Amino acid sequence: MFNDLLFDYTIRTVALGSGIMGIVSGMLGAFAVLRRQSLLGDAMSHAALPGIVLAFIITGSKEPLALMIGAAVAGWIGALFVMTIISTTRIKQDGALGLILATFFGFGLVLLTWVQSRPNAAQAGLDKYLFGQAATLLERDVATMAAIGGLALLVLALFWKECAILSFDPDFARSMGLPVHVLSALLTSLLVAAISIGLQAVGVVLMSALIVAPGVAARQWTDRLGVMVLLSGVFGAVAGVGGVLLSGAAARLPTGPVIVVCISALALISLLFAPRRGLVWNWFRGIRPVAGQSV
Amino acid sequence: MVDWSGMAVLHMELFTDIIFIAIVTAVACALPGVFLVLRRMAMISDAITHTVLLGIVLAFFVVRDITSPVLVVAAAGAGVATVVLIELLSRSNRVREDAAIGLVFPLLFSIAVILIAQYAGSIHLDVDAVLLGELAFAPLDRLEFAGNDLGPRSLWLMSGILIVSLALLITFYKELKLTTFDAALAAAFGFAPAALHYGLMSVVSLTAVGAFNAVGSVLVVALMVAPPAAAYLLTDRLPRMLALSALFGALAAILGCWAAFALNASIAGAMAVMTGLIFCLAWMFAPQRGLLAQVVRRVRQRWEFAQAMLAVHLLHHQATSQAVVECQAAHLSEHLNWSPAFTERVVRRAEQRGLLAQQNGMLTLTDQGRRFVATILGGDGL
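So the protein sequences, as listed, match chains X and B. Per our numbering, numbering of the first sequence is gapless, rising by one per residue and ending at 295. Per our numbering, numbering of the second sequence is gapless, rising by one per residue and ending at 677.
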């Protein structure tokens, strides 16, 4: 059964696309988790919806690159709103995130339903961005995803040391004279890129899981940033490919949610059974949580 | 997908039904939302609104009836279970609360979506509808009793939820207020913050279940967070914040319905956009906390500070031998490191206010100017 799946051309393309998405969102999501921005990913992926529809309205095509750029721009604007609200009002992060997430999504929904009520057949399929439809990934889409993802990871590699310092000790980074705001914006932009890659496959609603869960899982196995980021990418890729194969193996299994269940399962297993930080060992020994930072 | 383009022939009656459901839903969401925003738990509402779906699906497998009230109870239970799970995770010290939220709700929501997809034939639940709402169809599902039409079912459901949460709010107002603003003191008084916390979470879950029938799970978050956030910028008093939030919610509902009818677009989406616009207006123009007020205050402070500098400088030097030099208007810009144009404007403002008098380019403090310095320095100005 699995052999048939592996040699099926469509499944191979889709699995490759989901794997790339998993690697990129896993590696960049690890930083989001460390920087306590887990939910910013959720807000940005919801905020991307109006960008996708606007990109379609402006270009009149469903060219994945155009839609990804639209998603990224809208996600970025959403993040900017969140940060401005936090810095200029007494509303805290949670309120700002909820507000932007829901109102941007609502705006996207208005645009989407408005476009769909027009006599224009080309809009069909835009709503797959809500839950994602990995099965519709074409070779061209996968190439675009690989290009954007590769670029994002390259930038991460170039600024690796700065990003590492910023993630663990922003005050120290500032005292070293690093441009903290610029670096922070850079990491947020990379996260936006990762999100826009994943939207077609898992959709705006569930994308946040692919940002948070791999990082949480990876953190359980290591105390080293490099290892954690790599592991996070591997977990993301395993969940992406595994989810596609599983959902291909049975009828009526929607790919996006299955990928989310896979990555969440990896995270739960890691939380419970990782060698040193696993919760199960704690319960056995009846000792308090191990020292070290929670993520 | 909500598509009610074919419903253009609807009666006016149905439109009013839609608007009433929208208003009641918005108010019912805004009231618990106030406490979510104040307690910094807005994102937990995002989690709850997604996971109630799992409660509904699981309960459906047991009772096999999509209209059963058991579903509502189960959904509320799932909401509370979500909160417990998030707290367990973040208390384990392995993940922070935000990561715990981001871990729990996509998983539970995904499981619900998969279950619905697997048993699509037997469950009459559409994931799109759950997520996005179908307010346009809500008036079509009517409650009948002994053959009489009592109005839309969701209007009754949301009104019931609104009455329950109002009753709870009035009964536990004092306790809620204290646990929200000073949990430690509340605990010392024996108010059981934990019980109130889970009570609030139950109300939020219940409201989410009722509301997502009408507006969908994501937009419930807009109705719960945006109106209270806007109200929070306008007042410091809890009763006023509750009233303003309800008002903003209702206003967003009316404007949203109107915009959606005009554009032939999603009602729930338009309502969410309106809550966002109302927040933006409050953010820009709130009398004390708005961006505009902040800019005005900053500018005023700048002039006030400059005048204070000038007055203190004059007081310091005017009775001394260097007064001839130091109190020259022309010298000031050098000494205080101001541009000549700026110095001139500060001097003019201070003069208009009666703080100083100018004679042949020499500046002297008036009595009023001395009192001004005294209030700044906290002494008698001499």
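Derived from the structure by calculation, the hints contain no laboratory data. All figures in this text were calculated on a predicted structure; none of them were measured in a lab. Ideal Cβ positions, reconstructed from N, Cα and C, are used throughout, including at glycine. It cannot be assumed that every hint is accurate.
[Said to hold, decoys possible] Only some residues are given here: those of chain B computed to face chain X with a beta carbon under 7 Å: (1) ARG335; (2) GLY372; (3) ALA376; (4) ALA394; (5) ALA517; (6) LEU528; (7) LEU529; (8) THR530.
Looking back at the hints listed earlier, which ones does the structure fail to meet?
-> Going through the list in order, the structure violates hints 2, 3, 7 and 8 and respects the others.
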